[in-house]
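J.: Could you put the whole structure together from the sequences, leaning on the hints where they help?
Sequence lines, in order, name chains A and B.
Positions 1 to 494 (my numbering) are the ones given, in order, by the first sequence.
Positions 1 to 140 (my numbering) are the ones given, in order, by the second sequence.
All the given hints hold, so there is nothing to weed out.
The following residues of chain B were derived to be distant from chain A, with all beta-carbon distances above 10 Å:
(1) F58
(2) R59
(3) T61
(4) V92
(5) A93
(6) L111
(7) I115
(8) I119
(9) F126
(10) N130
(11) W139
(12) K140
Selected chain B positions facing chain A (Cβ under 7 Å, derived; list incomplete):
(13) Y11
(14) E31
(15) N71
(16) V80
(17) S105
Calculated from the structure, these hints are not laboratory results.
In this text, a Cβ means the ideal position worked out from N, Cα and C, and glycines have one as well.
Here is how the chains run, residue by residue.
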Amino acid sequence: MEIISHLVDGFGAALSIQNLIYCAIGCFVGTLIGLLPGLGPIATISLLLPLTYAMPNTGAIIMLAGIYYGAQYGDSVSAITMKIPHASSIIACIDGHKMHLQGRTGLALFTAGISSFIGGTVGFVVIVLFAPMLSDVAFLFGPPEYCMLMVLGFVCVSLVTTGSLLDGVAMAMIGVLLGAIGTDVNSGVMRYTMGFSFLADGIGVISIAIGCFGIAEIVANLDNKNTLTPFNGVIRLWPSWEDFKRIIPSALRGSVVGSILGLLPGGGPTMAQFGAYAVDKKFSRYRDEIGSGAIEGVAGQAAADEAAARTSFIPLMTIGIPENAVMALMLSALMLKGIAPGPQMILNHADLFWGLVASMWIGNIFLVILNVPLVKYWLSVFRIPYDVLFPCIIFFCAIGTFSINNNIDDIYITAAAGVLGYIFLKLGLEAAPLMLGFILGPMLEENFRRTLTISRGDFSVFVTQPISCVILAVVVSIVLVTAFKSMFFSEVKK
Amino acid sequence: MNRKLLTGLLYIIISAIFFIGGLSYQFNNFENPGPALFPVLISVMLFVLGATSVAQSFRTTEQIGVIHIKNIATIVLGLVGFAVATEYLDMVAGITVLVAITSFSALTPSLSQNIKLTIGLVAVAFVFKNLLGLNLPLWK
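T.: So, in structure tokens, the structure goes:
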């Protein structure tokens with residue numbers, strides 16, 4: 001009952017005309033900037049953070065949250081239409097972009113919008129019902145548990161990749177190695193920097209994502225002399241009943257995966273999208289179509305993305321730990337407002353906490369109301385001749401890469417990643433496992449080394465810790481099942 | 001060219017770069033792992049996968065796609081030219097260089113279109129700088 005009364009108060013605060021306007025502005029501006037290739041949630045929030053300085057506390061956080069969700073959606077749009085993702089929309093480049101190439105762009109964007117709504121709603125329910133309880137879950141995870149969780153992520157490569165398993169695993173390892181470039185957090189040693197000081201902070205995920213997906217895709221379009229994308233001016237936005245029946249289960253699966261992974265430090269939307277895709281490839285009735293423009297490839301990712309974006313507020317608000325760069329920005333916004341997130345936050349700033357929770361769902365409704373009718377305007381960009389469009393995309397990629405750290409060297413890294421991405425494309429290698437390895441690699445290494453240091457080099461710690469042991473058992477069973485299936489099928493083929 | 005052979009060689013080259021590079025850092029031991037331990041372990045595993053791919057190449061005849069050097073070269077040079085011109089001159093010069101170089105890959109290159117595009121992108125950069133507050137070195 002207490003939760004309901006808090007929630008009613010929260011909706012009372014969020015539904016004030018002033019806060020509704022802040023929420024709507026946040027969603028719209030966030031989507032608009034998130035649409036630009038290369039400018040994802042991190043860049044968008046950091047750009048618009050100063051706008052909130054003069055606002056009241058609740059309004060400022062509500063607007064920032066709106067910007068975050070809007071940028072997440074806008075990001076999916078650029079990934080689906082131009083194959084230029086940000087960290088949280090890498091998976092949308094696979095099936096979403098293939099749907100676009102098949103002339104089903106409107107449907108892909110609608111699916112992303114409606115699945116985001118479903119994911120956001122599930123994330124909202126999870127926060128309302130379990131926020132105080134779930135904050136304790138993060139404390140149950142130590143280095144061995146995280147290490148095993150990352151290993152589980154790598155095993156999911158076998159489910160993410162649509163090509164050869166060997167190539168998928170190798171690409172993930174290349175991602176891990178690229179992630180090792182920069183200063184080693186444990187010893188402070190600069191690794192593989194070749195004397196370049198700009199590599200001391202490592203390679204940015206945006207540079208790799210834009211290079212391997214965006215630049216490589218533009219060059220492939222030029223190679224094929226594609227004068228225009230398949231958008232032909234006809235937009236079929238609404239899905240058929242058959243499409244709906246495919247969207248809902250996938251979006252629900254993605255929502256559950258996203259809600260869980262959103263809670264874990266280092267997780268969040270980036271990891272959730274890979275998890276949702278892997279689960280769909282394993283459990284969807286249409287799993288054989290995933291990877292070739294299946295609607296599930298968009299629905300699961302978009303739902304997981306939004307659900308994780310919401311539940312990732314739980315560790316921030318309840319234990320004061322930002323689990324990713326976006327949440328770190330949110331933390332700085334809260335600190336600027338004189339609010340210290342932590343166990344006392346729900347008690348001391350109940351109006352803010354529950355106002356934010358309520359605004360999450362209102363923001364979701366705004367996203368659907370604003371974005372679905374605007375899809376045709378987002379798509380009008382493809383009426384521009386490709387000769388004009390591709391230099392513009394490259395310009396936005398360069399600006400997006402540069403604006404993250406105001407560092408011109410990041411553009412050189414993007415160019416190098418573009419060459420690498422083009423080579424991978426020509427060799428028929430997928431960039432998604434590389435991104436998975438690049439994101440998980442540094443976390444895996446850190447937790448692996450921490451575990452060994454704490455256990456004094458004793459590997460049995462992975463078995464003696466109950467949660468770690470359970471995850472290890474899941475990893476082993478996935479490996480065994482995959483190996484058995486490949487052996488069985490090769491026998492059948494013979 | 002055989003796709004499996006080339007991918008295998010690529011994996012081997014990348015693993016060799018990281019393996020040899022890793023030798024200059026400390027390994028220590030499992031009780032106190034050094035900065036070299038993890039990347040060297042991964043590079044050894046990548047080498048094994050590369051060798052497997054090379055071995056598999058003898059059983060397949062799968063070929064790689066056609067590589068058009070001109071397009072990748074113009075796009076990468078356009079980005080690098082943009083970065084160099086922005087660093088040493090300003091972003092207006094960078095945009096001009098970017099549009100000029102990338103126009104070599106256009107299907108129907110046109111000087112007037114390039115001029116209009118340059119002006120348009122400078123206007124967009126101006127809006128980004130002045131309305132959104134992006135820290136762009138538009139002019140010095």
